[in-house]
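Can you build the whole structure from these sequences, using the hints too?
The listed protein sequences correspond, in order, to chains A and B. Under this note's numbering, the first residue of the first sequence is numbered 1, with each subsequent residue one higher. Under this note's numbering, the first residue of the second sequence is numbered 1, with each subsequent residue one higher.
The hints are simulated quantities; they were obtained by calculation from the structure and are not laboratory data. One should not assume that every hint holds.
As the list claims (entries may be wrong) - Below, a list of computed lysine to any residue pairs in the SDA-like style, where the Cα atoms sit at most 20 Å apart:
hint	chain 1	residue 1	chain 2	residue 2
1	B	K52	A	F11
2	A	K288	A	E189
3	A	K14	B	D54
Predicted model only: the values in this text are computed from it and were never measured.
Next come the chains, spelled out residue by residue.
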Amino acid sequence: MIEIRELNKTFRLKTGDVEAVRDVSLTIGDGVIYGVIGSSGAGKSTLVRCLNLLEIPDSGTIILDGVGEIVLKNGKPYLNGKEMTSRQQNDMRRGIGMIFQHFNLLDRCTVFENVAYPLMHTGRSRKQIEERVRELLKLVALEDKIDGYPSQLSGGQKQRVAIARALAAEPRILLSDEATSALDPEATEAILSLLQEVNRKLGVTVVLITHEMAVIKSIADRVAVMEDGRVVEEGSVYEIFADPQEKITRKFVASSSLLGKLDRLLEEDAELVRVRPGEMLVRLMFQKDCVGEHLLTTAARRYGFDLNIILANSEYLHGSPIGGMAGIISGDREKIEMGLAFLRENHVSAEVISDGRADEADHAESLPVS
Amino acid sequence: MEELMRQITPNLYLYRDKFYKSCLATAEMFWKAGLIAGLIGLMLGILLVITKKDGIAPKPLVYQATNLVINIFRSVPFIILLIFLIPLTRAVVGTAINVKGAILPLVFGTVPFYSRQVEVALSGVDPGKVEAARSMGSGTAGLIFRVYLREAVPDLLRVTTVTAISLIGLTTMAGAVGAGGIGSFAINYGQNQNHPDIVNVCVIVLLIVTFILQSLGNGLSRRTTNRGLLNRSHRAKEKEGTV
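Listed below in structure tokens is the structure:
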């Protein structure tokens, strides 16, 4: 388990102080894939670098299984009450693997030497190292590249070597800093499923940083959303997708689903989303309790309104269905309200985006209700 | 061969023993000063890179002091440095002339230049690689030997070539104050006695040496870019020949 309590890190630059991590507290369970999402500059990279003390936080506490309680005071780490020596810090880092956006392989070393890097000078025999490296390269399916150099590999292959290298010393935790951001969609897919395999097969806890919601959606179990150095929202990936609370979270969720288009259409004031007097543009989100029931048609039939679907999207997240829909409802105002109330009663989150009241021809400003 | 030499370069033939000795003296100055300056320069270069503000072991005072000393010695023209160092040379090696007396000033003339070049070469190593190595538990020594020095080999070879060639230039200047070598031979026996053939041959010899050094440096640098110098294969026997 990784426990982070009230972690702070400020960079003092000539241009002023940058509070990269502010008062972050998180608990990351054993064997989960934990996502941290945020825009660039949100502090997610700094947060993850603080976990293996590549950046020394100014204050806070980090508790790691197998290491102990690291308390940060005045920018110095204290392990179980005593100031950590640089040797202790190095030993601690050895127990945490890390992969990077730009792979950071040693170009003048072969694939073998790269993967063997964390194993050398650790008292292991040449034979042990060779066996371990072969085993790792088998895991990442690159056995045939053992004598190749990084310059001869594709981006995806480089990242696989980097993963093998990060896992060489059998860490319990793997930190992934935008590991797929420099890869094409196909390689991204392959790396993500490899990370998932590593997590499931070896039970390694993966902390994964990204700015892409799609990455979180495809493999993470839980997610923390960061903005301006703070964690603004945290929960299971399903919860976050089904019911995002913060504006930034909604933005990320929208970015990864078809419904994200709705905001663009609204911005462009497209014909499609213009409501006429008496109509109402709504966004409905269906969670696992209500997907699969014919709530919408029931409501429409019972309350006699019409629905014009503009965008709709449904998918499976960790085996549970989640759906969303945007459409224009027209009909008797009272009936519509009753219909929406019925939907809400049945756990559909219904948000009225624009409301063309009878006297206003233009669509009104956004009016969130749910 | 001797007949040919006598015909084309009669004066050189006359002083051929002196010429050989001069070549040997230059070679001796070159490798001795080069070796010492190379080691010191490399160490200072590493010191500069790691003690820098964003280095792996920041020590602003050490960095600034080293930087200042290097700048001072770099800004003194070598011919002045030679004269300036005479008392020190005498105190250290007992004499300020001959090859023996030339080594020290040559080292002083080369180290600042070389350490600066080494600093540049090492700074070219991607900080991401250093960070990755840190994340794998490497300490300062590990980072220096396993990342910085190793990854910068092609650049180090390149700057070493440049420094070696400039060192040859310096050895000829050292000749001017009594160190012997090709430089003083060309001046004393060529220029001063009005024997143009001697000067010409000296130029050709230096050209050839420079050319060889440059090609060697370029070749090795290319040979070590994105790969190790020597390959140790881990490929299974049956797979050999597939690449």
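Results of checking the hints against the structure:
1. K52/B x F11/A: Within the cut-off at roughly 18 Å; holds.
2. K288/A x E189/A: Violated: K288/A and E189/A sit about 26 Å apart, past 20 Å.
3. K14/A x D54/B: Holds, because 14 Å separates the two Cα atoms, which is no more than 20 Å.
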